[in-house]
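Student: Given next are the chains, with one letter for each unit.
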Amino acid sequence: MSRHQRPRQSVLRPRRLAAPPLRFFLPLSVLVTLLALMVLRGMANNEVFHDEKVAVSVDKTTVPKSVLEGGPVVDSRGDKQDAPVSYTVPDKTVVLTFDDGPSTDWTPKILDVLAKEHIQADFFVTGSMTTRNPALIRRIVAEGHEIGVHTYTHPDLALHNNMRLGWELGETQLALAGVAGIHSSLFRPPYSSTADALDDWSWPVTKEVGKDGYLVAFIDKDTDDWKRPGVNAIVKAAMPDLAGQGEMILLHDAGGNRAQTLAALPIIIDKLKAEGYTFKTIGQALGAGSANTKVTGSTLWAGKAFVWATTFSVGLMPWLVVVLAVVGVLVFGRFALMLVLSLIHVRRTRKPGFSWGAPVTEPVSVIVPAYNEQECIANTLLSLAASDHPIEVIVVDDGSSDDTAALVEEMDLPMVRLIRQPNSGKPAALNTGVAAASYDLIVMMDGDTVFEPATVRELVQPFGDPRIGAVAGNAKVGNRDTLIGAWQHIEYVMGFNLDRRMYDVLDCMPTIPGAVGAFRREALHQVGGMSDDTLAEDTDVTMALHRAGWKIVYAENARAWTEAPGSMSQLWSQRYRWSYGTMQAMWKHRHAFFERGPGGRFGRIGLPFVALFMVFTPLLAPAIDIAMVYGVFFVDPYKSLLAWFAVLALQGFCAWWSFRLDREKAWYLITLPVQQVVYRVLMYMVLLQSWITALTGGRLRWQKLRRTGEVGLDVTTTEAVQS
Amino acid sequence: MTSTAEHEGYASGTDPTATLKLRTITVPEPFVHPPEEAEPAPVVRRGVRDRYLDLLRALALVRVVIYHNFGWTWLPLLFPSMGVMFALAGSLMARSLNRPAWSVIRGRMRRLLPPMWMFGAVVLTAMIADGWGPHAEGHPNWWWGKLAFWVLPLSTPPFADTVHGFSGHLPTSWAEQCVVPLWYLRAYLWYVLLSPLMLKAIRRLPWVTLAVPLVLSAVLNSGLVDQSGRIMETATDFTTFGSCWLLGMAHQEGLLRRIPQYVVPSLAPLVLAAGFWWLQQAPVDDPRVGPDLEAVPLAQAIWSFGCVMLLLHLSPSWERWPKPLERFNGVITLLNSRAVTVYLWHCVALVLTEPLINPLWDNPFIYAHFRGVLTSQWLPLFVAVPLIAVALLLFGWVEDTAAKRSPRLFPYPRRSKGRRRA
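Protein chains in written order, with the UniProt record's numbering: chain A, 1 to 723; chain B, 1 to 422.
Bound-form chain A, shown alone:
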């Protein structure tokens, strides 16, 4: 979407358009909300055993000896921080514990077995499984079992800081509160085992959790059932070392196929019952009452809200995937189309002996609308004076408040005429110029643009074909050595060499750049000249010409050097005006869709193209970056980054191709990665802002918007205040 349209004007925009204080608020809050929801969803769907990084340490110098040699339940709460106490399961008592659940496949069956045997056990659940299987949590609680916290996402906490620890526990409690209205003061660290396996890295976690008021439950007997060693092995591992010794047995009810666990469970229960064991929960075994307490009031509601938001975000995810897929198809499809069509265009126009028709040698009127252009107008006129094509120049001074007019008079160039008019906007100035033009071919340019000697000649050559009504030139960024300038340089080169060649081949060029374009006077008359209905009069008139049946082509050698906006706020204003103006112009010409003949062709091919690539794609494009951030944190950092860089590489290839077509130095492409990220965000925000303006700005004010003071203060009012 490269085009040049009075950047000078964007300097002193009406305050409303240039910097509405809330302009970042809505777009950014949408992005942040989206990201937050994705984080929730990522937590909820984090499969158990996803975070497979496990800390391995050998030293145990900081772990108290009493803990290493003591029972499976460690109490380091409050005053016991520095002198932790270990509890053992009493003799002839056994505690069955199930980790990582609940899962829909296995937990119900395990609960059935336990219910049949009238046994109560402990379930160490993860927060993510809790939010996904709320009904199972409620059933576990209802059947009298005890619930312990096993973190939210099952990471090895020895590898994470206290903030993450607090978060893992806090969110899991929220989930438990929201799902079953309970709080649990039991905790088991992921990847933990017996208490004597504690080391210098895992002990601080236990201590820290104790500080938060949790009892930490390790185990006596690890059945290794998750390795699926066979039913007999599981049963054997669950049997006590010494007859009658109390024990806490670790089993799993999630994280894979648990058929062996399920089969072993009744056997373990039968054998232990035969040995005279009783089955208890941890609370019962320690004689301390249940570790689960009811929560009420705000905590309960916070929990419900949390579960609701998580459920919502889980439901939202497929839609985001669809959006990403759509963006992918659009981006890739567009690039493929552009590459193919630009190749066709280059083949066609660069063929030896190619010409549009008979050489055009008739003189041309060049119209320069000027509003406060004293810095550049001299440069502009001198560049025109060097033109190798016969021209007359008409400078229309649109009520400048600076020395523009005086400067033009003083230069007193022979082929230049100066027309002064009270300030009435760019379209009016252009119409004034057209009315005063002596010739039938009219070139329009900006007052801050510089032509090469051959530009006018190259620009009018296509008029050798009588069907061609207007020609778009090739605008180049002059101030390309600054960062923003280099970004726009890349954008312009890609826009002109890929987009415009594509539109040329498809015969639906949406815009003739205001900086360099040529028209037949006849064609302009036919569409009623320039109109001030929209903020983008160049797009407006181009669409009107299409509907009137004229062909519009791109002349790549007609180069015009312009000065691009030099700051982000100016760039923002310019893009806001372009995108909003484009939307206005599309709305104005929407009926082309149903027309017959050339207008209908434009309406059914050009308009959808513009809508798709200039109005909808930018709104969805940040999905690429959001998906990357999400992927890095929740899926696979390297694959996510690889995908992201693949998209970048594709853009890089297209950019390189377009630079080659225009014989530009590819060195500028080093700034492409930064440019792509910044532009995606910028265009997303600009478009969202335009949409909001379009939807709230009111259809009533659509036609004469600029007089109402919403966006369109644009031309008249501001220029009056400019100094």
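There could be a bad hint or two in this list.
[As the list claims (entries may be wrong)] Simulated restraints, written as ranges between beta carbons of each label pair: (1) 219/B / 650/A: 32 to 38 Å; (2) 223/B / 143/A: 54 to 60 Å; (3) 134/B / 632/A: 53 to 59 Å.
Hints in this document: simulated from the structure, not taken from any laboratory.
In this text, all values refer to a predicted model and were calculated from it rather than measured experimentally.
Idealized CB from N, CA, C, for every residue including glycine.
Position chain B against the provided structure of chain A, taking the given hints into account.
Tutor: Here is chain B on its own, set in the frame of chain A:
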């Protein structure tokens, strides 16, 4: 847009004839090569302080103190102090080197060494009083010999690994904690000594020279080189921040202004990403704290290089403070004129907070009601700041004497210079 126009060299006031003279008909030229490039941008005049550099130096100092108190690993990522300090020093060094090299080096050493001798006198006395001596390592002659590094820190000056801690008032490793800042002086000394060579190299082969320390750092930290020993210690630090020092020199030489403006901000994110990646994949000491930039030299080198690149690229050259910063003039000026003292003594101040805070635990009222304050990491910082101020009062004057200025007790400017002028 006016500012842009000026920037591009089009605007020349309101005099139209002057405007015309600037114009040439060779069309795209003024765009492709803005005239600005021909004449180097105005270098800050001698004697006028560039407040931006002052701000960076003050930020770096504050960051170091906070980092040594809290040990937050994200702080060095946010602002790589040491790289910034070396870049500033390199820039000043390059500026001074239009004078004869030897006199510049002598001047730098004269400013650097006396504050360090003062520090050494106090710390050595304390260490010996706490039981350190020639027989600490079993080689009395070496011990005496290594003391020479307290005079000229070509290698890290020796210190007591473990001492008695003044009958339990201080941790036994207090000496080690106190001399943490000395590596900076050692590295600085080497950079100063080698600066004339480095300047020549950067004038001859600028881009290659900039990359050399990074490449050397990559080699040294590749695991193929044995890094133990005093020489390797010096070499590692030299290569880690060498590119920052050279970048400072390049900045002073106008090298960064000669390349198109978009290059640095485009490359810096890639450099930072590379540094961050290296940091993430490096093995960690304590997994619960995470990777620390200060502990991974190559990551430190790359990350600092990227940050310094950006900071020097911005380099707005303030002759006067921007409005919002005016109020900090006093603190920043103080920190700048006492930079060496603050840097040398802040670790001593942090060590001394422990015996000052410990008695509070025995006070039943404070223990009962303010235990949160006692356990907080902020308390040592709040105690250390007045201690640092005391150090400034006691030892700050040495900096003035070393710089041949008349010694001042506490160079806090009464009023901001900017306001008086206005």
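Student: Determine for every hint whether it applies to the structure shown.
Tutor: Consistency of the hints with the structure:
1. Between residue 219/B and residue 650/A the beta carbon distance is about 35 Å. The supplied range of 32 to 38 Å therefore holds.
2. For residue 223/B paired with residue 143/A, a C-beta distance near 56 Å keeps the hint of 54 to 60 Å intact.
3. Take residue 134/B and residue 632/A: their Cβ atoms lie about 56 Å apart, and the range 53 to 59 Å holds.
When held up to the earlier numbered hints, the structure conflicts with none and fits them all.
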